[in-house]
Amino acid sequence: MDKRLWFSAATAAVGAGLMVATAVAAPTKASAPLKAGKATAGGTIVTELSTDVDYTDPQLTYYQPMWELEYATACKLMNYPDAEAPQGGQIQPEVAAGLPVISKDGKTYTFTIKPGYKFNTGEAVTALSFKRAIDRLTDPKLASSTSFLVSDIVVGAQARLDGKASSVSGVVASGNKLTFKLTHPAPDLLARLSTPPLQAIDSKLATNEDPQGVNNAASCGPYYISARTPNRSITIKRNPNYKGPRPHKIDAIQVNVGNTPEVIFQNVTKGTTDYAEDGVDPSEYAGIAQKYGINKKQFFTRPELEVDYLALNHLPGRLFANNPSLAKAVNYAVDRHAYTAQRGFLAGNRTNRILPPGMAGVTKKTEILKGGYPIAVDNSTLSKAKSLATGHTADGKGLMWAPNRGPGPLQAQIVQYDLKQLGIDLQIKLLPRAQQFTDARVKANADYDINWSAWGADYNDPFDFINILLDGSSIADTANNNDAYYSNAAFTNQMHKAALLFGEQRDAAYDQLDKAMMSQDPPWTPILNRLNRLFVSSHFGCFLYNPVFEVDFAAACRT
Amino acid sequence: MFQYIIRRLLWAVVIFAAVTVITYIIFFVIPADPAALAAGKSATPEFVAQVRHFLHLDRSIPVQYFYFVKNLIVHGSLGTSYVNRRSVDTIVGEAAPVTASLVFGGAILWLAIAVPIGILSALKPRSLADRMTMVFVLIGISLPVVWIGLILQWAIGFKLGWLPNAGYCDVINPPVGATCGGVVDWARHMVLPWIVFAILFAAIYARMVRSNVMDTLGEDYVRTARAKGAPERIVLIKHVLRNAMLPVVTMLGMDIAVALGGAIFTESIFGLPGLGRTAVQGLDNFDLPEVMGVVVFATLCVIIFGLLVDILYGFIDPRIRFE
Amino acid sequence: MTTALTGAGAAHAGPLLDVRELRTSFVTDDGIVGAVDGVSFQLGQGKTLGIVGESGCGKSVTNLSIMGLNPKTARVSGQALFRGEDLLKASPARLREIRGGEIAMIFQDPMTSLNPVHKIGDQIVEAVLLHNDVSKQEARSRALEGLKEVGIPQAERRLDDYPHQFSGGMRQRVMIAMALVNDPAVLIADEPTTALDVTTQAQILALMKKLQDDHGTAIVMITHDLGVVAEVADDIVVMYAARVVEQANVEDLFERPQHPYAWGLLGSLPRLGADVDRLVQIPGQPPSLLRPPNGCRFSPRCPHAFSRCRQEDPRLMPVTDAPEHLQACFLDEETKAREAVKTLTAAAA
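Residue numbers (the working numbering), protein chains in the order written: chain A, 169 to 727; chain B, 8 to 330; chain C, 15 to 363.
Isolated chain A (complex conformation) (with noise of 0.2 Å):
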């Protein structure tokens, strides 16, 4: 019937064009960068979100992006300088007049707290702004998840945790100085100093206990919170009374909350916002990176404090308790170049070793441990794992829990595929990140062999990664972060002595223990750190990454 054709032949054309239009729908051309112009004091940069930080609360918020605003509002007793690695990692003094005086036994700290800091109210800033900042941390009503930078090593903090206190009787504020007793000699403790939560905190935000938070607290940094409306913005102005050395030299940081990573991407290419920064769509950096070049004008890459691993798990019965041959095969195994690859365009630099570079004198991007495992995967590299695999397969049959989003299924697959070459079935399981990430840490639940896992420094010290994720002596039935449930006699030993020690030795015994673990007993099979892949409009001018905090908001200038 001519009727039903004709409208037969209407709806395919009009299909037909629709994909017409698709295909031709040619990938954005961006307008031309402007000219790099003369940098200019003032303005105001626009960074957006597409998820909101949890808290702009100094005392309650773990949360990266909210971190790193914080390195331009906060000031501490001690930070990292506003520039690159490797000097951008070395920890410095900020309000602390200098190093501190530690007593002979390690477990007292005694700083002077250099005058002349304000916060943006006019309030100056004293020891009992960092006392208070601590109490506050502890204060069991607020309940912080950043509770643990103090909770283990000074003494009281548990106690007000537990409610038993009003305020933590192990720091003492008195004039100029502020002095810290700790339970036992912990060094990492300047580098807990640098945290957000512990920066200070003004006498009106001291006697705040609401869970919430407060929306815009003061501060004494560079800039301050104006104001903040939950799931839509947040606004940084300049601290007219901060006189210290940091820079300052935009008016305001506009943070926007809520769009798409896709709408993200389209806002910085056209310039109305000049930095994405919780990421765009990792597809697009590809092409971001075809136009703009890496590391030359809008787009940059830098590494991260973090590691991408594989957790073998050692409890009794799993296959890798008291395995070493399986764990190094699995070293030799595993894909590495492909595992990354899953990650798209420039996301990672692979690695064999558990500290990332920028920790611990790990400097180079490309440091991996020499003569260690191999970065990529051959015949004589295989042979070499199939060798130590065999006799150690037990029954040949394997567990492994990964994220069911992102690259993780196809991570997975890499490793299923691998070490099937061992003669190992690995089942996959996948779950939600949420629910692998709080039953793996449950001991009775782990019952997996593989754990796709990640971890990122809480703060730039060697312990935050060794101790916190290897110590055998601290494995409980819940929140476990030692997720390989690793438990070596003799390198927990020589964890918790090499914790005890200061610079240089610190940073050379910690060295020393990753290379050991991974020859003679690996925990994990440590797969890539990830690269920062930053993306930024042509206003964004003075780009400065720090190795810690990361984008230097308060260094930044408009163009």
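The hints are simulated quantities; they were obtained by calculation from the structure and are not laboratory data.
Ideal Cβ positions, reconstructed from N, Cα and C, are used throughout, including at glycine.
Mixed in with the good hints there might be a few duds.
Simulated crosslink set (DSSO-like; lysine-lysine; CA at most 27 Å straight-line) [to be verified]:
#: 1; chain 1: A; residue 1: Lys665; chain 2: B; residue 2: Lys48
#: 2; chain 1: A; residue 1: Lys597; chain 2: A; residue 2: Lys565
#: 3; chain 1: A; residue 1: Lys464; chain 2: B; residue 2: Lys245
#: 4; chain 1: C; residue 1: Lys150; chain 2: B; residue 2: Lys245
#: 5; chain 1: B; residue 1: Lys48; chain 2: A; residue 2: Lys332
#: 6; chain 1: A; residue 1: Lys438; chain 2: B; residue 2: Lys166
#: 7; chain 1: B; residue 1: Lys48; chain 2: A; residue 2: Lys683
#: 8; chain 1: C; residue 1: Lys86; chain 2: B; residue 2: Lys131
#: 9; chain 1: B; residue 1: Lys166; chain 2: A; residue 2: Lys309
#: 10; chain 1: A; residue 1: Lys275; chain 2: A; residue 2: Lys665
#: 11; chain 1: A; residue 1: Lys465; chain 2: B; residue 2: Lys166
#: 12; chain 1: A; residue 1: Lys332; chain 2: A; residue 2: Lys349
#: 13; chain 1: C; residue 1: Lys86; chain 2: B; residue 2: Lys245
#: 14; chain 1: A; residue 1: Lys459; chain 2: B; residue 2: Lys166
#: 15; chain 1: B; residue 1: Lys131; chain 2: C; residue 2: Lys150
#: 16; chain 1: B; residue 1: Lys245; chain 2: C; residue 2: Lys223
#: 17; chain 1: A; residue 1: Lys349; chain 2: A; residue 2: Lys417
#: 18; chain 1: C; residue 1: Lys61; chain 2: C; residue 2: Lys86
#: 19; chain 1: A; residue 1: Lys597; chain 2: B; residue 2: Lys48
#: 20; chain 1: A; residue 1: Lys309; chain 2: A; residue 2: Lys349
#: 21; chain 1: A; residue 1: Lys349; chain 2: B; residue 2: Lys48
Which bits of chain A does chain B cover? Going by a derived footprint, with three or more residues having C-beta under 8 Å, they are [to be verified]:
#: 22; stretch: 222-235
#: 23; stretch: 309-320
#: 24; stretch: 426-435
With chain A fixed as given, assemble chains B and C onto it according to the hints.
Then chains B and C, alone, in the frame of chain A:
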């Protein structure tokens, strides 16, 4: 009528209880631990236990449900989020107007499109206009909302820049630091979302209006009206439309009610901070109070709108009124 | 009781309604359907014309064609002269004036012929206001009078009721009131009692007769029920397969039916006291109007059909001694007379 309303309200309570209990059960069947999540990645076991107690997750599930209901009825409160401790009332209260803007504006748009073209098609069946309507209907129903949303957002919002590519502007009280506000900004930002949201419904409703009007045109009383000498205009408006639109009213009420629960795709694509986005966030974070807040609100919308539609129907269709 | 200017009282030479060679065909996907194929009849002032036939014979379409109420797919030819004015050539505006004003129509199913969402008072008022430039109150009082006239009890209150609050018979009365409120010259009633039970049927017919007496309205009564036309009609037109097969005044048709179809109709009437085992049926089905048979359209079912019937189309011819009585059958008059008597006696027995 009064008795009818009372009966409906009692049913509403039953539905509400069923929906909330089921949500609770589903949530707790998922083996993720919200306390461990809220405690953060470096928490000690003691701290996780503290957080569990802090969030009342150490109570049994029925007890938790009981406190939830008590909180809701006695204090009119939906609790606080596990993730950021904000009052869920506030979270839902902030998100609801955004979703309402999208849904009501979208509804007006889809009716403005669907009703005229549905009527026109019904009056001239098999004409060119009618066939074009049917092509439009087919396209509108077939295009996935996500696809058309992304394409329009990219083409019109970004490439051509005729309209804002994303974001929401408050009509009154824009948040500090907002770069837009007021009715004009709000409307400009809503045009693309309205279009995307309305397309599917416009297509469905156009078809429905067309078929209702065509059916009604064939009714005997329409013939009677013509036999009385009424001009076509009067026949159409007084006799045809009044009857043909009755089913549209029912459908409209339910569609709006369901959409108020969160037009997830449209809100996500255009970065609208509405209930759909809130629900997705809550689910991603295993944040039960936030999820329950949206569920409660959505259920209430469905119940209230259902009741309103029934009452309204009773007013416009006298046959129902006198049951 | 007001008499409209153009009502039944206006004098006119010749029949009130003169339909000549009316042909209506519908264009369908399958072809052209000839629903009315050369129908002619006349309606005198104040008289009642009954049009009888089976469903699908074209009796309703005939009247819809006169009123211009067919769907757009209809092609109408011929003449429908109302007081000398050809309705088939009238402008849409003129037709609208006539409909409901000078010629009113009521339909078969009172359940569905009234708009369920409007009060019946409003619907009658609408009929008044469409044809009279009067105030709403005046229209309402006319509606009230109309309701009283058709015998609706508590008419004042009932004006504000909805159709579903009336019984079937009451609804038909309302329809009649609505049709007669503007004192039309002609009332076309399309199967007005078919959907009603026998008792109500009788009441409605009695009502219509009374109203006709009071207003002098001419009525066209379309029905398949010979019993009904026997009651009310002055003249009868019998239709079969889109054509008129017999036409006579009521006495002549019932005493001397000439066409085999009429014999079948009369024979199939159930009569009280008749001692019959089975009702006489006319075997077979009416023919398709898409592809009507050659020759006499009734021939496939006619027990008296012979070769000429299948080849030639019988035309309407007057009966020898009754020129007003027309019939279309090739049978000779003796046979017809014989069969007529047979039918009537069998029926009367």
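Numbered hints the structure breaks, given as an ascending list
3, 9, 15, 16, 17, 18
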